[in-house]
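Could you put the whole structure together from the sequences, leaning on the hints where they help?
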Amino acid sequence: MERARFLLPLSRPKIGVHGITGSWRFRRPEIDYAKCVGCGLCWLYCPDSVVEIESSGERFKVSIDYTYCKGCGICASVCPVKAIRLSEEV
Amino acid sequence: MKRLTLTGNHCVAYAVKLSRVKVVPAYPITPQTTMVEKISEMADSGEADIQVIRVESEHSALAAAYGAATAGVRAFTATSSHGLLYMVEMVWWVAHARIPMVMAIVTRTIGPPWNIWTDHHDIMSQRDTGWLIAMAENNQEVLDETIKLFKITEDPDVSLPGMIGLDAFILSHTVEPVEVPDQELVDSFLPERRQPYVIRSGDPLIMGNVPADLLANAKMRWDVHLGLKNAEDVIEKVDEEWGKLTGRYYGGLVECYRCEDADYLFVGAGAWVGDMRIAVDMLRETGLRFGVLKLRYARPFPSRRILEAVSGKRGVLVLDRAVSAGSAGPIFLDLASHIYSARPSVPVKNVVAGLAGYEANYEDFARIGESFAKEVSESGWVSSPLEFYPGR
Amino acid sequence: MPLTIRDLPKEKYVLPGNAACPGCPETMGLRYVGMALGHRAILVIPAGCTSILQGLMPGNGLSFPIINVAFASADAVASGVAAAKRLLGEDAVAVVWAGDGGTADIGFATLSGAAERDEDVIHICVDNEAYMNTGIQRSSQTPLGAWTTTTWRGKREPKKNMPLIMISHGIPYVATASIAYPIDFIEKLRKATSIRGFKYIHLHAPCPTGWRFDPSETVEIARLAIETGLWVLFEAERGRVTISPFSRPYADRSRRKPIVEYLKRQGRFREVTDELVRELEREVDEYWGLLLKLSEQKVQ
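Chains as they are written, first to last, in our numbering: chain A, 88 to 177; chain B, 2 to 393; chain C, 9 to 308.
A portion of the hints provided could be inaccurate.
[As the list claims (entries may be wrong)] Which residues of chain A face chain C? A few of them, derived with a C-beta cut under 7 Å, are: (1) Leu94; (2) Ser98; (3) Lys101; (4) Ser110; (5) Leu131; (6) Pro134; (7) Tyr155; (8) Lys157; (9) Cys159; (10) Ile161; (11) Ser164.
[As the list claims (entries may be wrong)] Derived DSBU-like pairs: lysine-lysine, alpha-carbon spacing no greater than 30 Å straight-line: (12) A/Lys122 to A/Lys169; (13) C/Lys18 to A/Lys122; (14) A/Lys101 to C/Lys18; (15) C/Lys199 to C/Lys168.
Simulated from the structure, these hints should not be mistaken for lab results. Every residue, glycine too, gets a C-beta built ideally from N, C-alpha and C.
In structure tokens:
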């Protein structure tokens, strides 16, 4: 490939391309690990890839990246055991 | 080298084959049709290794060519008149994505009323888009310039698409003897495809999302202009190289016929330049020293070459086969604005003729030239810088 | 064996900190496209919400090779990409990711042309049932009765049935999907990649911004569309329709939830009348009747 001699209308993937989207959040999803059964549905449905997931035996360990979580609350709505609580951001 | 008798449209088809184009999406429109028919025949018979995509519209023709070119192969399409206008959105898209490719425009009148004969409104309406715009005078030039355009547009100093214009029927459907170069010669002339980037699977490179920095975006727009200005040198260089290989050097951006000792110059582009040459010979027999400055490229506009050519002349007569309605002929507008800053004392007149395919030939040009020379020699200037030639 | 979460790649194809609205169904769908196709996908994206949610150049909130293109051009661009990649021998899947406008309205002629040519392309229509990117104007995919900023008293015409129109093209694969059923969508995408020719997948994508519901409810609303029978998950392979497992129970009218349960959750239907509900019920019954007939015999 030739070295670009001109400015080209190209982009590369970037985390936080639209800034710290966690600042949009007016409610905060919090995982109650005592209730969490590690099914991974919150990871599956999160629209913004801000639920981190890792295998933990038969189940998954999930956590939320609050830097970018926009606080939509989908994780709470899909949780089958109501282990994610939405609280007001202050 | 083979000597064949070919229509302009078939010359383009041969040039596409010789340039080893891989993908040709096209939608038929008179008078471009015989070109894509020939390319389809070459592809179907196995004579050329070309994937033809029979798309459902011109917008899609250029879109598919753009997709193939962005994905990394040489692509070509062709259209005319309304087809070109239907593609306009994609015309801009290709140039500003900096994707080299070539498109043939068989110049044809825009309706209404429906009219299939030549004028230059279609191709001239595209001069702001960022494409190179070449105009051919004869079928040999059609073939040669199409091949050269692949090399010019893919040059890393250019990286822009280019159009080759050929007049409807006068070139597209008229048979002329043409020298068709051998594949080996074209292979030695035309390197592997070069382009500034390729979109590939597995490589998350993204073209075209919204810019954060509007100044950067502004520079991208200006860079398209710079790419076209760079093309001036590239066109000259490539034409010289082609001349050495084939014996056919065209003069780069412009070609002069009896310019050197001329007092007056015709300036024009396209097939009717042939008639201007005859008119020059006729006028010289009456003692009026005319020459022709043939514009081989409307974009980049060859301002430097034109300044050199008009230097010391008594008058310049620009013949446009289109009019920017409400202003003047497009070649005149460019020429006048570029020479104004350097030598405003040359009288320049614009005659708009040949619209809608209405014939204007060497006799008309001789008549127009004679009255222009008379007016300039008597008054030193032109009373009416823009005229519509009403025919005989 | 059906896929499970364990089988899905954990790589991020939608990156945190993108420009999508909270609760966006399009980023959800794009994640599933990544999980299904991985790095083989080259996305061709016409104008729409996904043009914007990518965020600002020189960065991008998506991690795919992408060609953003003019509105009416996507399936033609993808045709060119597919042709080039085949000639180059590159292992790539040309995917059009288009909204309902880029699919059913301004993009329709281009889509229809590429489908008729049977180009080796997957077209995904991410259907949020209006022009959301320009501010919630009606499209041909807006359902009967829905408020938009160009239908203040509710849309008067029913939703144009794109999956049936695409089946009528005689293409090898048509499927419907819903962002509430990601595994079903991912399996359909993977099946599509194994088929040569034109593939059309219509993804139902409830939009909290445009449909006027809380962003936490995107999945619930999408699921209600299935449970009321309004949106039906199916596949049509060479015209033969198979109702997908998640929709199968709702072939039985008595098992469907009342449509009003779906409508009342959305602000766009706030002026819903009994007459509208009856009309929508009639539409659903007719549609199911047709689909079940098609599942018994091959179309064409």
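So, going through the hints one by one against the coordinates:
1. Leu94: violated, 10 Å
2. Ser98: Constraint on A/Ser98 satisfied, holds at 4 Å.
3. Lys101: Constraint on A/Lys101 satisfied, holds at 3 Å.
4. Ser110: Because about 10 Å separates A/Ser110 from the closest Cβ in chain C, which is outside the 7 Å limit, the hint is violated.
5. Leu131: Holds: closest Cβ of chain C sits about 6 Å from A/Leu131, inside 7 Å.
6. Pro134: Holds, because the Cβ-Cβ distance from A/Pro134 to chain C comes to roughly 4 Å (cut-off 7 Å).
7. Tyr155: holds, 3 Å
8. Lys157: With Cβ-Cβ at 4 Å, under 7 Å, it holds.
9. Cys159: holds, 4 Å
10. Ile161: Holds: closest Cβ of chain C sits about 6 Å from A/Ile161, inside 7 Å.
11. Ser164: Given a least distance of 5 Å, the restraint on A/Ser164 holds.
12. A/Lys122 to A/Lys169: Cα-Cα ~8 Å, so holds.
13. C/Lys18 to A/Lys122: holds, 23 Å
14. A/Lys101 to C/Lys18: Answer holds: A/Lys101 to C/Lys18 is near 17 Å, not above 30 Å.
15. C/Lys199 to C/Lys168: Measuring from Cα to Cα gives roughly 26 Å; hence the hint holds.
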